[in-house]
Amino acid sequence: MKYLYYPGCSSKGTSRAYEESLLSVCRKLGIELEELEDWTCCGATSVVAVNKVLAFALSARNLALAEQKGKEMVTPCPSCWLMLTKANNAFREGTEPADKVREALAAGGLTYNGTVNVRHLMDFLVNVVGLEKVRKAVTNPLKGYRIAPYYGCQIVRPYAQNDDTYNPQNLEKIIEALGAEVAQFEGKTTCCSGALMATMKDDGVEMSRNILNSIKRASANIVVTPCPLCQLNLELAEFDEKQPWKETELPVLNLSQLVGLGLGLAPKELGLSRSILPGVEKKIKTAKKYSASLEAAEV
Amino acid sequence: MKKKTLLESEQHRNFLEEIAALPEGERVLSCLQCGTCSGTCPVAPLMDYAPRQIFAMIRAGMKKEVLTSVTPWMCSSCYECTVKCPAQIKITEIMYALKRESIKQGLVSPGTDVYRFYQHFTDIVSKHGRMNEMLLMMKYMALRHPVAMMSRVPVGLRMMMTGVMQVQPHRVKNAESFQKIVEKATALEARQ
Ligand code: SF4
Ligand code: SF4
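Protein sequences, first through last, are from chains Z and C.
For the first sequence, my numbering begins at 1 and goes up steadily by one.
For the second sequence, my numbering begins at 1 and goes up steadily by one.
Simulated from the structure, these hints should not be mistaken for lab results.
A portion of the hints provided could be inaccurate.
From chain Z, some residues computed to sit far from chain C (all C-beta separations above 10 Å) [to be verified]:
# : residue
1 : 100
2 : 129
3 : 209
4 : 249
5 : 274
Here chain Z is said to cover these stretches of chain C; the calculated rule only asks that three of the stretch's residues, wherever they fall, bring their Cβ under 8 Å from a Cβ of chain Z [claimed, not checked]:
# : region
6 : 61-69
7 : 78-92
8 : 121-127
Positions of the beta carbon are idealized from the N, C-alpha and C atoms, including for glycine.
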């Protein structure tokens, strides 16, 4: 089956590595994706702060285009997923501002009937592709890594797709399917500061740094997040901290980069060199050696 | 016939009803003032009034104080309060509504210019169809925050090096249809 793919703006910019790794992982798993033609921004948390009808119309436009092509759409961005879901709900339940949005779409010659299902990549991997399939495709088990599952906000709040709002488990399941160990830490669904990192950098850095510190206390050696903005913000907080970066800085990977590592994909296919912290590839390798030496010391 | 002049005090008295009448305000009357929202809010220290206080002020009809507050502009849309509120008030959506309301009434807090970020974001998307992060940061920072912008040069350079900075803004293929949707949506929003 072919799935529609909605990249979201950051996939073409600061989060290019998320798109690169997502496409590589899907290719490896034999999943056929088709990028939604002529998609536009979902509006994120910004447009709705200024113009609600426009925010919903932007998302609904994408859903209307998708409806002409298929029924199932997947996106790597929790914020896009939430905005598309909100627009979907408004159309399906007939709640405000669906009528106005319908009128706006009609002005551009589009209609939407509410038939497209949008999934975030995390839910897609767990519940459509299936963990069994992921497990079988692992050629490079991530044994020896302690991985911190950092969800961020919008993938679990206000809606958690096939997961628990307060204590989600989908990332843990994926980490385990890849053969790695989960590093549980306080604050896996705490806010990274979102757009405040852009507008109020010092406060944003502090919020992200608190999360990093909590992760470090759990002696994780890699962080994984399903959110491109969380990845960016944690990396920016690390970048801000000290230059050059110490060995202790944590590699922050997006979901498909981590899965790709387990599937044995090359760093280039996963866009690892696009990380804001230089030398992430090397850090991933030393992290494993370090864990292995700890393990050896234990026996 | 409707009264043409509403005394300021009367406007204030209607504020709770105005908010309750919003699509996101349905449950606002059942706020228990329990403070769960303020307790869970990760940005409460950045706010002039924590979320619980905002609801108390709405009830007290303090329209001007609420709409000129920096609180809604600090909200990071994390939805912590929304999922925990025992009265199931859609707090995050109300924060969005307060932002839009303060723009409409020309009351945006002078204490923050986060508003400009959202406005530039909206303008870029309305024009080009997709976000261009570099353009947004330039527009937001160049004139008003030149010093802060300089502090971001190292990371900007690094991002140039890794090839994640788009230079060219996007072009929508079906630009005519897209522009009509944007115009219509904007006109409908203004009429609300
Ligand atoms: S959590 Fe809900 S009920 Fe409690 S003070 Fe906040 S808005 Fe009111
Ligand atoms: S959604 Fe906004 S108001 Fe609510 S807890 Fe998060 S930052 Fe605070």
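Structure-inconsistent hints, enumerated in ascending order: Violated hints (numbers, rising): 1, 5 and 6; every other hint is consistent with the structure.
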